[in-house]
Structures are given as structure tokens and as C-alpha cells.
Amino acid sequence: MSADQDRWGIPGTYVFDLNLSRKGYAVNKMCNSLRYAENREAYLADEEAYMARYNLSEEQKQAIRDRDWLQLTRLGGNLFFFLKLGATVGHGLYPIGAQMRGESYEDFLKTRNVPEAT
Amino acid sequence: MAKIVAGIGSSHVPSIGRAYDQNKQADPAWQPLFDGYEPVKRWLEEEVKADVVILVYNDHGTEFFLDRYPTFALGVADSYQVADEGYGKRPLPDFPGDANFSEHLANSLVADEFDMTLCQEMALDHGFLTAMPLLWEPGENEWPVKVVPLLVNVIQHPLPTGQRCFKLGQALRRAVESYPEDLRVAIVGTGGLSHQLNGERFGLINEEWDKAWLQNIQDDPKALAQLSHKEVMTAAGAEGGEVIMWLVMRGAMTEQVKERHRFYYAPMTTGMAVLALENEGNTPA
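Which chain is which? The protein sequence lines are A and B, in order. Numbered per the working numbering, the first sequence spans residues 42 to 159. Numbered per the working numbering, the second sequence spans residues 10 to 294.
In isolation and in its complexed conformation, chain A is listed as follows:
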């Protein structure tokens, strides 16, 4: 369990408090810029150049290159914002969630009451 989780003590949970928000500020700022189509195009044209415009740590950049959403969460990324990055690079909410749970998308869907309601 990371220090950020310890603060709240809820297993498997990264409460988005000011501490985590400060840590992830650059990530979330970059992700939120992707609500504009021209920025999404620029991102897709050159991911490294786009990331370089924001003050991301190398660890955060690597989590983004790896599409490692759990790691990005640990580094302060907030799903409400990185969902816009996901939409840009073709990762939807439920596959992102399955990955954070450590499951295949198919196995994740089996845990849902009505998996057709996507």
C-alpha cells in the first residue's frame, strides 16, 4: 500500500485529495487539454512532443507510454481527466477499469450484472 493510500486507509483506493492532486497536476492539466479536437490531433501526431509541453515527471511519461492506468493513478492522474487521454488513444472506461483491477476485459464483464449496458 502506498503512502497516499495509507492516509485514507481504504484498500485498492486512491482518494483524490490535495496531496495526490498536486502530485498529478501536470498530468491532469495535459489530459484536460485533450477536450479540444485540435489538441487531440497534435497529441496523436507526436505524443512525446505533446508531453514535453507539460511538466510531467519521467515516471508519469512512462506510465502514459505504457498506458498503465493504475500506475498513472498512483502518480496523481485522475480518471475524470485521463479518460480524455484514453479517448484520444483508444482506451475506454471499462477496459481501463479492467486493467486497474488486473483482469482481462472479458473477465471484468463477467463480474457485472448487465454487461450489455455499456
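Each hint can be trusted.
Computed list of lysine to aspartate or glutamate pairs in DMTMM-like fashion (alpha-carbon distance at most 20 Å, straight line):
#1 A/K64 - A/E99
#2 B/K98 - A/E79
#3 B/K12 - B/E287
#4 B/K98 - A/E82
#5 A/K102 - A/E82
#6 A/K64 - A/E100
#7 B/K239 - A/D58
#8 A/K70 - A/E82
#9 B/K267 - B/D228
#10 B/K50 - B/E287
#11 A/K70 - B/D76
#12 B/K176 - B/D121
#13 A/K64 - B/D76
#14 A/K151 - B/E216
#15 A/K102 - A/E89
#16 B/K58 - B/D191
#17 B/K33 - B/E47
#18 A/K151 - B/E209
#19 B/K220 - B/E268
#20 B/K58 - B/E287
#21 A/K70 - B/D93
#22 B/K12 - B/E268
#23 B/K176 - B/D124
#24 B/K267 - B/D229
#25 B/K12 - B/E289
#26 B/K231 - B/E289
#27 B/K33 - A/E157
The set of hints was computed from the structure by calculation and includes no laboratory data.
Given chain A, put chain B in place with the hints provided.
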């Protein structure tokens, strides 16, 4: 005198908006949800006939980012735009506001020691949009009600306490009832119910907790207002913590309320609910 004529609790899950826009009302996975809202929509149209709705919601980086996220913000404009969150602008009409009523609410709330961020412009995202067309049928270019958006920070801790949200609702009631015009006012608290969208616990739903919430928000909201964020998030998921917005709605109602309709459905990753309440008696909550 203006009065509060309906209190609604409703989820604001984005997938509901997508299903609505894609006309999935008859899709077996979605039909229960749309059918579940239908009696509330009919009640609002045929009996409640609200002139204006105060809708309590949170913004998701559309109008407010983390650089300056207000704890409470109130729309004071005569119109509000439908936002594009980056997934395409939803085909819904922009919303008419009631700037005079908003101004009165702002004056009353601030005098009552709720220091709101006041917004002359406010684009509205799914936090606001999702419940609206399920509750009021939009026309081609218009809505049958005016709106007052009321934003609560449920994104970045420290969030206001449940108790503070309940008290804000109580202050809203005083504000509404001191408005001289004969307005019929509905109040909608959005969000929840249980869900978690981060970490290894992604996908948590607690149906038992949700069902208890739908009862206790009626009978014992003051006990719910006493729950800590940690208690709520442990049981109902980190993002489930946003249910405090229902407490604003409940605080604006009478102490006793009558349930007109209740619906609950938990298909994927959120306990989706709608609860319709009317006032009973005159004692404020």
C-alpha cells in the same frame, strides 16, 4: 412567494447520456433505466409543473479545473451552454436561466453565510446534463423549465462535509421561500450512488448500501449527513462520495417527506437511482 415543490435524487452517469442520445430506450440493457425514470418525468410534467429547477451537480474539468476549483458555485446567468467534454457536444438545447431568481438566491445564501462562487457564464457537462432529459422532455430548441446550476466540489478533497451540504440545502429553502414571485421550484441532487472508478477496487458497487441510502435519505438524513467521507467512500466507493450532493436536495425539503417514486438499477459500475420526494407538512428539514 416561491416554494419548493419537488425534491429529486438522481445519478449522473455519462453512459446514461450516451444511451439516451443513441435512442437505446428499447434496448433490453437500458430499458429498465428509462422506464424507471418515466413515472418521475410524468409526475413532474403533470403535477409538479415546476417553473425552475435548482440542480446540484459537479463539474468534471469542463468549466472548472484543479487550478481553481470552487467548493460551491452558483449560476447567476440567463442562459447556460451545453459543454463539449471532448467526446462531442450532446444534441441537447442550451438551458434558459433565471438571473433574477439566481441573484436573489445568491444574496440570500451569502447573507446566510454560504459564500458561493457566482458564475455569469457556465458551460454544463454530464454532471448537470445527464438527469435533465430523463426528468424534463426537451423540445427542439427549448426546455420546459428554467435552471439554476449549483456546483459542489466532490472531485478533490477536502470536500465539504455532508453536514455542510445539508445545511446548504436548508439555506436554499430559506432563500427560495423569501423570493416574492410565485415560482414553483424543483430541486435535484445528482450523483452516485455507489461506484469507484480508480484503483484495484474499480467497479465496486454496494447495492445494499445504496438501497439503505434511498430509504434513509427520506427518514433520517441527519444521520447520513454525519457520516465521514471515509465512511461513505469505504462503503460506497471513492467516487460514491459524491452522494453528499443529495443532502443539499434533502436539506431543502421538509422534515417529513413523501416518496412519490423510487428506482434502482446497477447494471455495470454504478448504482443508478432516481428518487422523487414531495414535502409533507411545513416543518423544514
